[in-house]
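Chemist: This is what each chain is made of:
Number of protein chains: 2
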Amino acid sequence: MPGPARSAADRLLDVLAAFAHEHPALTLTQLARRADLPLPTAHRLVAALTEWGALERDDSGRYHIGLRLWEVAALAPRGVALREIALPFLEDLYEATHENVHLAVRDGLQVVYLERLSGRSAVGVHSRVGARWPLHATGVGLVLLAHGGSELQERYCAGELASFTPYTVTDPARLRRMLAEVRRSGCAVSDRQITDDALSVAAPVRGARGDVVAAVSVVVPVAAARTPALVPAVRLAARGISRSLGWQPAPGPAGRPEASA
Amino acid sequence: MPGPARSAADRLLDVLAAFAHEHPALTLTQLARRADLPLPTAHRLVAALTEWGALERDDSGRYHIGLRLWEVAALAPRGVALREIALPFLEDLYEATHENVHLAVRDGLQVVYLERLSGRSAVGVHSRVGARWPLHATGVGLVLLAHGGSELQERYCAGELASFTPYTVTDPARLRRMLAEVRRSGCAVSDRQITDDALSVAAPVRGARGDVVAAVSVVVPVAAARTPALVPAVRLAARGISRSLGWQPAPGPAGRPEASA
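Protein chains in written order, with full-length UniProt numbering: chain A, 1 to 261; chain B, 1 to 261.
No lab work stands behind these hints, which were simulated from the structure alone.
Glycine included, every Cβ here is placed at the ideal spot set by N, Cα and C.
Each hint should be verified, as a subset may be incorrect.
What the hints assert, rightly or not - Derived contacts from chain A toward chain B, CB cut-off under 7 Å, selection only:
(1) L16
(2) E22
(3) L109
(4) W133
Unchecked claim - Computed footprint of chain A on chain B; a stretch qualifies when at least three of its residues, placed anywhere within it, have a C-beta under 8 Å from a C-beta of chain A:
(5) 9 to 15
(6) 32 to 38
(7) 51 to 58
(8) 91 to 99
(9) 210 to 220
(10) 228 to 238
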């Protein structure tokens, strides 16, 4: 990524990209090394970023992402804006289940978590706001993959399907069948694919044009899982968010939810 | 702010700063004008930002803040990290009250909202994640101003105190008395200071060193306000978050909460 041909803009963005969940606070030397920049250049860029508020310096002299960058980023329509519309419905879903509630979107071949509501008693999960996971192993990822079109599915199945537990589906043929079932049933169940004690039930969120723009899920301990009881709640929340985004359900047989892709 | 002496880094940051809640999507021409840049320069910077993922281009050709910037910004300790720790307590507070629940920090002379939980039936409020408000008119702002030190208070009271309703406190002497009462009682009540139908009850969140790092509030319709009943719930949530941040309460008389500043 870095190299002599990098523009000033690219160097500045490489400084921001040096931060990650595993190292959210960095010294100037660490920043220069991670961004592959000479120390004086790093110093100059960090000074500009700090003055603007994109970085903040703590008492120990380490830098971290600043509040102003967070404020600007809060304008991302696929981040905070979608989350704002979804939040009341996620709240209701949380109250109905008292389990982990997730909202996620797809970015390339990964799922990105926009929101996680979890009570202190909910099952421990690996999700985290801003975190990325592969599509095939999570409930939200299965929904987003199933509705992402055949080209995406072929590309995804051609790559390696990472395994997290003995239950993770790593066989492309089996994954394709699961995706067809997700489209048919209108929801996805990921059973112990990420951790061997949790299960997630997910449903698609549609935008005004009917395309799937996000997914909602509930993650529950597998021991206490009442999957059939969770499905209607998750689908209801997803449809509520879809309606708020301008989606209108296609007329279907009375009493039967439509199962269109 | 802009000028011929701007560095490449400053120009790039000016492009990001062109976005605001009132105009979250901008054409290249609008971006160039708002960032005070020649069109070719704006084009080059926008291309670099888009390739990195800091901006995304929609079907109509307009640019908005991208998911990758949102992901990086999610590492801001005063943004998402604090929010992650606070969320279970905010959830509990929401469930106990079913009203708007807020988490906010101070940045300069303003309060910045990090989180807002609100059911669909809660009173309409002007707060928004990432939004800024003056300190004297909101419950969270009163808490953060009261615990921000005398220098901040003098500076704040020397400026103009903006009025939003006939109930907004704009008299510096009265504001100082309110701040002393906030420190004494351990909570703040902002009564119809932002809108004439809502009231907020706020309490301080302390960090490991005992300093006030954030504030929690509940906003309720003034008609149905049961302020005395809300105070313990808000204080409990704020203390729960403080404990999770490493704060330990000073030993006080048994059964009486300490009211130290």
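Chemist: All hints are to be evaluated individually against the structure, with a verdict given for each.
Modeler: Status of the hints after comparison with the structure:
1. About 5 Å separates the beta-carbon of L16(A) from the nearest beta-carbon of chain B, less than 7 Å, and the hint is met.
2. Taken as an interface hint, E22(A) does not check out: its beta carbon lies about 10 Å from the nearest beta carbon of chain B, beyond 7 Å.
3. Hint on L109(A) is violated. Least Cβ distance to chain B is approximately 14 Å, over the 7 Å limit.
4. For W133(A), the shortest C-beta to C-beta distance to chain B is roughly 13 Å, which exceeds 7 Å, and the interface hint is violated.
5. A count of 4 residues in the segment 9 to 15 of chain B with a Cβ less than 8 Å from any Cβ of chain A is obtained; the coverage claim is therefore met, three being the minimum.
6. Counting residues of the segment 32 to 38 of chain B whose CB lies closer than 8 Å to any CB of chain A gives 0, so the stated coverage by that chain is violated, three being the minimum.
7. With a cut-off of 8 Å between beta carbons, the segment 51 to 58 of chain B has 3 residues touching chain A; three or more are needed, and the interface restraint holds.
8. A count of 4 residues in the segment 91 to 99 of chain B with a Cβ less than 8 Å from any Cβ of chain A is obtained; the coverage claim is therefore met, three being the minimum.
9. As drawn, the segment 210 to 220 of chain B meets chain A at 0 residues by the rule of a beta-carbon pair under 8 Å; below three, the given contact is violated.
10. Counting residues of the segment 228 to 238 of chain B whose CB lies closer than 8 Å to any CB of chain A gives 0, so the stated coverage by that chain is violated, three being the minimum.
The structure is inconsistent with the numbered hints 2, 3, 4, 6, 9, 10, although it conforms to all the rest.
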